[in-house]
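For this one, chain W is given, so just place chain P on it according to the hints.
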Amino acid sequence: MDTNRLVTARLFQRFGFGPKPGEFSAALQAGNTATRTSLLTVPSFDNGAQRVAEPALTDLGKRPEPNDPQQKIFGAQMREQNKALTVWWLDRMALSDHALTERMTWFWHGHWATAIDKLNFALPMYMQNQTLRKHALGNFRDQSLAMINDGALQIWLDGQENTVRAPNENLGRELMELFILGVNRYTETDVKELARALTGYQVTRSNGTVTFNSRRYDPNPKTILGKTIAYDATSATNHLVDQTACQLFISERLWYRFISSRNPLPKQSGIQSAFGQRSISAAVSALADFEYLSDTRYSQVKSPVEWFISSCRALSITPSQLTNPNNLLNYLNKLSQVPFSPPNVGGWPTDEAWLSSASAQFRFAFAQWFIKQGDISPVSNLARKDRVAAIADWLGVAELSDRTTTALQGADGDPKRLTLLALCSPEFIVSA
Amino acid sequence: MDTISRRKFLTLTSGAAIGAMVPLLSLQDIAQAAIDRPLPANTPILVAVTLYGGNDGLNTLIPYTDSLYFSSRPDISYPAEKLLQLDSSLALNPAMTGIKTLWDEKKVAIIRGVGYPKPDRSHFSSMAKWQTGNPLTHISTGWLGRWIDTQPTDPMIAISLGSVLPPLLAGAKKSGSALPLGGLVIPTGQLAADCAKLSTASSSDSKLMALAANTMKNLFNISDSISPILKKNVPGSAVELPTINGGNAGGDTNLSQQLDIVAKLIDAGAPTRVWSVSLGGFDTHANEANAQAALLGVVSDSISRFMTQLKSTTRSRDVVVLVYSEFGRRVVGNASQGTDHGSSGPVFVIGDKIKGGFYGDQPSLAKLVDGDLAVTTDFRSVYATILEKVLKSPPERILNGWKKKVPFYKAV
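Protein chains in written order, with my numbering: chain W, 1 to 432; chain P, 1 to 412.
One chain only, chain P, in its complex shape:
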């Protein structure tokens, strides 16, 4: 990774964008936000699920009648009878029973062969392309971050779970906020007063010092409003929220707990339109079958649980879940019962307002490009649809003029 792409990627992997020194609302204003100005009813909400490491799309959505599938990867292919068949040629990984149920309810759009021109097989470069939404040049903002830029300033508009903000939510002028997963212990009393003094802006601050002060201040702003909500139970469940540790830059392992928090906050009416959660560990170079199935099981179970929880709320119909990874994996298995980095993969979009079914062409196993699956749908077409339909913003400005879309959203 050269210094430019890496630097930019990490600049993006930031608590806030460089130019984020915008005036903030006062402590009390934000503390009251979740209670005083709940998200208007029927406002669509996006939940982006990032799978870090490169999920093997070919063992997620499986062409179970294609003999090339079995001959290309004899060690790690699934026998047809074990699979969850979706139609006469494609089936889901056996671990994805929850998603299969949602599919049967026509709530799952599967966009096949999603990627971008000239696939990059570096985790970092490829994830940067997916998250910035720009596969052509290295830029310093995420596609959702640029959407945040177009919105009124609000630290609660887009929230990422875990202590490190992904590039996805970094804009040029504003950014999303990070929400810790470790149970919120907000300084009170004397310490709170001290913190308030210490986080005042100072004219002698360098940019990074100003940001350090600002995030300290943000801590109060976000926590104050969210903490009473966190004390409530998960919707549709008697359990209280478990206390869990913060995540890391490579994705979190506790997807279901992240989604529990999101479900609760959506239920409470948090004025948040974009949520970002993640799961890591998909880099299955060796002994893939069990590892990937376990991870896909987590993804599938967590999402179906999440959708079930939402049913007991008034927001059930508003939520759209997007699931993606930085690349698929090589068609031919390696000698380690695993796969190396590949190119395209399926993207899942799930929700009540989604028109269930397949979109885009299934890449042919007979017509590989450098041993990899062809890209049949550009990720920008998926993003453009989400920007227009879910986030109600013109996609062209955010996606550098991109116009194509995928018709997976119901007209209603």
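Isolated chain W, as found in the complex:
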């Protein structure tokens, strides 16, 4: 394996959603140091992202009673808005010139995994997405404080049901287990005490507006992780973010999603120290270390959305323009990954989970469908004999095996078929 190509490919695949046509060979020319800097530096203006119009979402208000004739119209509006929201985000991922911000927003969406299935309303999910984007590369403390005040998360984890009279532990537990500290880095008593600190929130479901009702709040002292004061949501969240367990946990999660889910975070890694002040961009910069990027042990399977978006970028596809978006969402659903619908609060699985025989089948059908609507001129414009050699750079693949090269050569007379095989090859499904 050519280490130089491996590092370039991983930079595009892990810290973006793959290259657009021409980007990979230009990056090889520029060298990995320059490529790394350019991929990790968020520009002040992004032409591609600007082309994506914000989704038309409105506050639908209270759901009509079950027998109300308005119920049907209401349900249709709800579904339309949910669809608009999902394709809007897919468009941003596919069209942004600089993909790191969307990539990080995607990571945080899987981290604070909230599913629209329980909320039903698109507007609060959109607001959460904006919050995650705003803090995608900022400070984790600011992000956590913003998220504890996020209407979608509060509804998702029953925060509005958590009152002084009878605490509901759902949000408190996941805040420690899945969002800030990691499992078993606290006690069951800490969960109960934290739940009390988080009491008092009320949320308007249709628009995500969060209000604080002091009559539902428990003002008494709570003992959380050995410290006793009259915690509220802000002071308790700060207290959790202060823990060294937070520094370790977020480093682990970044490592798990960006470098390897199969190999543990190295002890005393530079990632942890970079995250000392809870700076996400510093931690991400430490993650994109050439030592990790050149280590062949750290391959990863692209999740279905990552695989689809990297295909879109290579084929200049705008997801919302595909005919029609219902088919698109149906395909993503069959591959078990639709944005805004993680399977549970733990987010999506990784690696082998995406490699069942069932998903292999759906991937082929999906790719056959969108290739017909994509721009494959980067290969179709070439003479037949030059096509296979151009594939790896077009798609940002580090190296094609002899097996795949042979299969592609058998299809080089038919650019659509050639593209299909390339997109479904093990080398494109897996980030080497």
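Where hints are given, some of them may not hold.
Below, a list of computed lysine to any residue pairs in the SDA-like style, where the Cα atoms sit at most 25 Å apart [claimed, not checked]:
1. K118/W <-> H138/P
2. K62/W <-> N287/P
3. K267/W <-> H138/P
4. K118/W <-> T200/P
5. K197/P <-> K62/W
6. K118/W <-> K197/P
7. K192/W <-> S77/P
8. K385/W <-> T200/P
Label pairs and their computed distance ranges (CB to CB) [as the list claims (entries may be wrong)]:
9. D87/P <-> P66/W: 58 to 66 Å
10. A201/P <-> P325/W: 35 to 43 Å
11. G226/W <-> E396/P: 57 to 65 Å
12. P407/P <-> T228/W: 46 to 54 Å
13. T41/W <-> G189/P: 17 to 25 Å
14. V332/P <-> T228/W: 23 to 31 Å
15. P325/W <-> G189/P: 28 to 36 Å
16. G357/P <-> N213/W: 20 to 28 Å
17. A30/W <-> P152/P: 50 to 58 Å
18. T228/W <-> L136/P: 47 to 55 Å
19. L136/P <-> S273/W: 29 to 37 Å
Keep in mind the hints are simulated off the structure, nothing from the lab. We put the beta carbon where it would ideally sit given N, CA and C, even for glycine.
Same frame as chain W, now just chain P:
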């Protein structure tokens, strides 16, 4: 969830275990398998039903004469007269009429208070413990996956419905297969030939790439044999199989359709000894009563329908259904007409060869442990019985020396 347990859990939640690069039979061999080598008559078959989210056991099997039940959860307790009484102290949730009928036929064993030492209230950790069958340390194989390891290599020996394989069926060297629920469209002609080329092993493949190639190859192996069978009707019914979407990692919503497929494949003689199906949505922190009753209704109706379908086949007596969830829920209701994560719960084992009745002690509402029901039976005792009686394998090796059993299987 720390990175170790989470990583291991998700490594387990995999299409196949890491070491699964065992040689596969040729495409034609497997394509013919269901037809050429049907499961020998009288071979026991296990159908594992996983309820994701933590089913509230106390509103499933209800101590309807215990005043503590009513006083602990006034908002979500059921009035005694609505319940399906099983004996003088316990009753089933009103939605479980199908299971009640099977109970009356003495085909239902209810093992009470099942759990494991030091209950973990995390969905992920607790489900990992139940599925790995090891509550003490994090390991990377499921208890049924380790059984698969002891069996001759056969991608059809254990099949999970839905596109993501649960940890339950991941072994150290082999694993079960995933069967999509969306109607099988198998590549044919040119594409099939292309796929065959693309899924050839390559010496330069990383482990994950090799697995990607292998699962592509498996697709043909499994689909070819199963697709003609799928064209047949559901046993005992004139309906053809509905086309349904694939599931997700958190359990599927279409349990009855999953069981329809299983019934058909059992009827056809598929050489499959373990089936895994699932239903999600049991995480009822709020407004529990209606939601849980609806889900239990689905579980009960689907299973009784399934058992009825099997009656028209020759395999009716061979099938054992196991129903479990990752934990029960807190005894005392919260302010949201729901319950938070708890500890033990009842496990149901259903079949013609099951000795119907209660097993294990009902956890006392007067003697709670940290506000939760005590664990009176270890899940390993249930698994050991199933391994020995249904899967005909010595349980000790698979369950790290565990010997205890629960006598719910008839001696015949």
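List, from low to high, the hint numbers that the structure doesn't satisfy. 1, 4, 5, 6, 9, 11, 13, 16 and 18
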